[in-house]
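K.L.:
Residue numbers (the numbering used here), protein chains in the order written: chain G, 1 to 100; chain W, 101 to 575.
Hints are supplied without guarantee of correctness; some may be wrong.
Claimed, not checked - Simulated crosslink set (DMTMM-like; lysine to aspartate or glutamate; CA at most 20 Å straight-line): (1) G:K12 <-> W:E523; (2) W:K120 <-> G:D66; (3) W:K191 <-> W:E457; (4) W:K191 <-> G:D84; (5) W:K556 <-> W:E527; (6) W:K229 <-> G:D84; (7) W:K120 <-> G:D67; (8) W:K556 <-> W:E570; (9) G:K12 <-> W:E527; (10) W:K204 <-> W:D393; (11) W:K229 <-> W:D381; (12) W:K229 <-> G:D74; (13) W:K229 <-> G:D87; (14) W:K191 <-> G:E77; (15) W:K559 <-> W:E457; (16) W:K556 <-> W:E523.
Read the hints as simulated data drawn from the structure, not as lab findings.
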Amino acid sequence: MSSSLRREDVAKVAQLARLSLSDDELDKFTEQLGQVLEHANDMGTLNLENVVATAHPFGLINVVRDDVVRPSLDRSEVLAMAPDARDGRFAVPRIMGEAP
Amino acid sequence: MTLPNGWEIVVGLEVHTELKTATKMFCGCANRFGAEPNTNVCPVCLGLPGSLPVLNVRAVDLAMAIGMALHCTIAPSTFHRKNYFYPDMPKDFQISQYDLPINKGGYLDLPDASRVSIERAHLEEDTGKSTHLGGSGRIHGADRSLVDYNRSGVPLVEIVSGPDIRSSSQARAYASELRGILIATGASDGRMEEGSMRIDANVSVRQADAEFGTRCEIKNLNSLRSLQRAIDYEAMRQVELIEAGGTVRQETRHWDEILGATSTMRIKEEADDYRYFREPDLVDLAPDQAWQDRIRSQLGPMPAQRRRELTARLTSATQAQLDAVEVVIDLGLDRLVNYAADGGADVSLALSRAANELAGGIEGVDRLTPEAFCATVLMEQRGELSSTQAKTVLGELLASGGDPHAIAGTMGFEQLSSDSLGETVDELIERHPDEWTRYREGDEKLAQFFIGQVMKATKGRANGKAVIAELQARR
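Work out the full structure: start from the sequences and follow the hints.
P.N.:
Structure below.
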């Protein structure tokens with residue numbers, strides 16, 4: 001598996017996660033991530049034909065709450081946590097265009 | 101609009117609708133449009149560490165109601181994280197449904213009898229709202245964007261159609277019919293201007309029966325009119341590009357209502373760039389048959405059925421009446437028209453009063469009981485109120501509610517008895533012999549003259565139709 005994980009893949013994943021990695025780090029993480037994937041790949045040697053994928057260990061379904069309003073936080077308390085705020089809103093570095 | 105040289109438009113629509121719940125999708129903050137910024141926020145919808153989401157049962161009810169109205173299969177479903185970096189989502193991911201949506205595979209029939217397939221209608225949370233400040237850089241903060249998280253976590257259903265739409269007018273009809281269904285299910289108020297219903301259009305062009313072309317996704321369609329204009333513009337842009345030897349690039353484009361044009365917003369990312377993965381903090385959603393049956397039993401008739409039923413009450417409907425039916429169905433006033441008709445009112449008169457007077461004062465319609473509406477229409481029909489007086493009474497009912505007979509009395513709308521009207525007409529004929537002769541000789545315009553004189557003499561208490569009847573009886 002490690003041989004199939006390319007340096008470009010790691011660079012792309014890092015870019016998507018907004019991580020800036022040096023060339024050395026890219027080499028290092030390609031190696032390490034490759035080992036992790038290789039370990040996960042061990043599963044491929046098992047016969048799992050009749051095993052259902054498990055997303056949650058408890059087998060719970062339909063955990064819901066009633067549609068009842070509960071108190072929200074105090075705005076001044078909320079905005080005090082932010083590095084910058086204006087006009088009751090969080091101020092962030094200017095963003096262009098719309099969300100994905 | 102028809103495209104030149106055998107080109108055909110192919111459109112699929114993604115409609116996002118905010119659900120009319122009391123609270124957000126995963127926390128107890130109020131779901132309310134127009135509140136002061138960042139007053140409906142908590143650790144969950146601000147994405148603070150350690151907070152955990154719990155699904156709102158009402159959001160599930162409404163999502164299922166939408167799915168049922170669109171003939172979808174209700175399926176066991178899961179939640180995923182859609183990861184991206186943008187400050188409108190403080191968690192840096194949006195919780196959505198990915199490969200297993202709650203509603204799959206339905207359809208929507210349009211008034212022109214065409215059918216558009218529904219691929220899915222899934223639950224997801226809305227994002228916060230950002231405001232961009234001007235960019236001169238001189239004023240402090242001009243290089244900032246401001247974010248309000250009141251909308252962050254508001255429950256949404258995204259309804260994805262198949263690529264079955266073949267014209268901008270069909271796209272508009274689809275969006276309009278879907279809006280009616282969303283309102284009828286109680287899931288949405290359908291207010292596009294407030295952003296509670298938002299549409300993205302996937303547009304491509306092809307030669308008839310050829311494979312689908314590369315599509316562009318158009319955003320910022322804030323009205324049905326924008327939707328239609330944007331699709332026409334975008335299809336023509338793609339045709340011109342291809343005919344000039346270019347190729348369409350898959351991208352997201354922004355509709356500018358003022359310029360009447362689309363422009364590149366960003367090159368489309370691959371779906372897996374969002375690195376979807378299962379939301380570990382939420383369990384599977386699999387409503388059982390009893391839950392589904394309860395929701396299904398609460399579903400009222402959808403607009404198509406209501407339109408058919410109301411139209412069937414009209415004997416040979418005119419185009420104006422069909423237009424009135426659309427208005428009445430759209431605003432949910434057919435309930436009042438049907439009640440009045442069942443109570444003996446003339447359907448076309450009730451329809452006209454609903455499509456005009458009630459639609460014009462729609463914000464007060466909750467004050468108007470079906471009984472009061474029926475009674476007012478009947479009073480007009482019997483000639484106890486003139487049409488102007490009936491409209492005034494309806495206006496008063498919409499403004500303050502009450503009883504139409506009492507309102508008519510208070511406003512001095514008790515009509516003249518036919519005896520005293522007859523006397524007034526006799527007097528006026530005597531006073532205007534020349535006009536009367538011309539009227540008798542066939543000059544119909546003089547009827548208006550006499551009506552005017554009667555109105556003047558009775559201070560507007562007479563009914564125009566009754567005056568004409570009196571005149572004709574003496575001709």
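K.L.:
Hints broken by the structure, by number, lowest first?
P.N.:
1, 3, 9, 11, 15
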